[in-house]
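Novice: Okay, here's what each chain looks like letter by letter:
There are 2 protein chains.
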Amino acid sequence: MSAPDPALVDLLGLVAYGELLAFDRLAADARLAPDLPRRAALSEMAAAEIAHYRWIADRITALGARPDEAMTPYVEALQAYHDSTEPKDWLEAVTKAYVGDAVSDDFLREIADGLDGPDRQLILDVLHDSRYAEFAATEIRAAIEAEPRVANRLSMWARRLVGEALSQAGRVAAADRGALTALIARREGVDVPALFRRLTDAHTARMTAAGLNN
Amino acid sequence: MSAPDPALVDLLGLVAYGELLAFDRLAADARLAPDLPRRAALSEMAAAEIAHYRWIADRITALGARPDEAMTPYVEALQAYHDSTEPKDWLEAVTKAYVGDAVSDDFLREIADGLDGPDRQLILDVLHDSRYAEFAATEIRAAIEAEPRVANRLSMWARRLVGEALSQAGRVAAADRGALTALIARREGVDVPALFRRLTDAHTARMTAAGLNN
Chain X
1 MSAPDPALVD LLGLVAYGEL LAFDRLAADA RLAPDLPRRA ALSEMAAAEI AHYRWIADRI
61 TALGARPDEA MTPYVEALQA YHDSTEPKDW LEAVTKAYVG DAVSDDFLRE IADGLDGPDR
121 QLILDVLHDS RYAEFAATEI RAAIEAEPRV ANRLSMWARR LVGEALSQAG RVAAADRGAL
181 TALIARREGV DVPALFRRLT DAHTARMTAA GLNN
Chain Y
1 MSAPDPALVD LLGLVAYGEL LAFDRLAADA RLAPDLPRRA ALSEMAAAEI AHYRWIADRI
61 TALGARPDEA MTPYVEALQA YHDSTEPKDW LEAVTKAYVG DAVSDDFLRE IADGLDGPDR
121 QLILDVLHDS RYAEFAATEI RAAIEAEPRV ANRLSMWARR LVGEALSQAG RVAAADRGAL
181 TALIARREGV DVPALFRRLT DAHTARMTAA GLNN
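Chains as they are written, first to last, in my numbering: chain X, 1 to 214; chain Y, 1 to 214.
One chain only, chain X, in its complex shape:
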């Protein structure tokens, strides 16, 4: 058995902390839900994030590292993103989850391509399933149908989310001591501009699917 990949523990730490925060945010968003069925639905999605956290934390432990230590470098940058994008209401909350989770999932999927078999699969497994994205897009479309002006407000909100995410991404990259960028660079023939183009295209397609303007 070869020594654990040093970049791997860093990446798993980032994913684990992302899951803890996703749990936290979905649980808080559940309080904004307009009725009990939607509140329960969001609470159940939050619980799924914690199951994913456990898988990742167990893998970090199996690699001989401590989950809390692996997560610590990312606490500040990810918390700053969430603090600067606190949703004011239910629609802002679902838009934030719809836009933000998808971009970060796409990004992690790209990074995971630089890993070997089982760890690559582990990360793909914990990325959000499409269930929440469908739920969120349905909520957003229904709100726009009921009140077309909502599209404008939520589109502006989504742009602000992406802007904040990009500005914090720089801090995440600084926090991880180069491990993530090394993982990206390790992929054969990596083309960073093309990577960002793929992320941007996918984001644009999602905005359109939910009835929002890019």
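Don't read these hints as lab results, they were simulated from the structure.
Ideal Cβ placement from N, Cα and C applies to all residues, glycine included.
Just to be clear, a hint being listed does not mean it is correct.
Here are some chain Y residues the structure puts well away from chain X; computed CB gaps all over 12 Å [as the list claims (entries may be wrong)]:
# : residue
1 : P6
2 : S43
3 : A62
4 : P118
5 : R160
6 : R171
7 : G211
If you only want the chain X side, here are some residues facing chain Y, beta carbon under 8 Å, derived [to be verified]:
#  : residue
8  : D24
9  : A27
10 : D35
11 : P37
12 : A40
13 : A46
14 : I50
15 : A51
16 : Y53
17 : R54
18 : W55
19 : D68
Beta-carbon label-pair distances, calculated as ranges [claimed, not checked]:
#  : chain 1 : residue 1 : chain 2 : residue 2 : range
20 : X       : T204      : Y       : D125      : 45 to 51 Å
21 : Y       : A209      : X       : P6        : 40 to 46 Å
22 : X       : A169      : Y       : P118      : 50 to 56 Å
Dock chain Y against the given chain X, drawing on the hints supplied.
Specialist: Below, chain Y without anything else, positioned relative to chain X:
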């Protein structure tokens, strides 16, 4: 197959909403945790409550009722209890969970004794396992050991919690249109003063076990 017990849906609605609220409260308490391992531990306990919520909600649906409608009568009284007992810090949060969950579990266990086999078992299954109580008692004892004056502050807090719980219990009893009291009364040879004595004795023993004064 006989018609569903009318009191049963009411009781399951109360338990289901209690689970949703327990999730919500544990998730919020996790933010007060002093470090990432304790934050993760609390988040995982919150997720367990949601799994229990799902079991109860599925049973309500199988009985031909709607979970949200079964929960609605209890929303106001249970929310009022939590709003009036918002923890100011981590130790108040764990004390609240330690004291409050145990009293309500004991109470539900007594009510469940009035039910038939499978539903009785379902309710006993979703009551909190001892894992959280042990975690909370350990936290409280360690805090008292580090700073003996903490015992006084948390004991007063626990007394306030019990007082608020009793005053909201009257509203719960009013909300459920008599179904829960009917379930209690249905038990053969029920002795209400003895029931309250059992609840009080168990509460006193738990306070002592955590190093608190009654």
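Novice: Which hints from the list above does the structure break, by number from lowest to highest?
Specialist: 2 and 18
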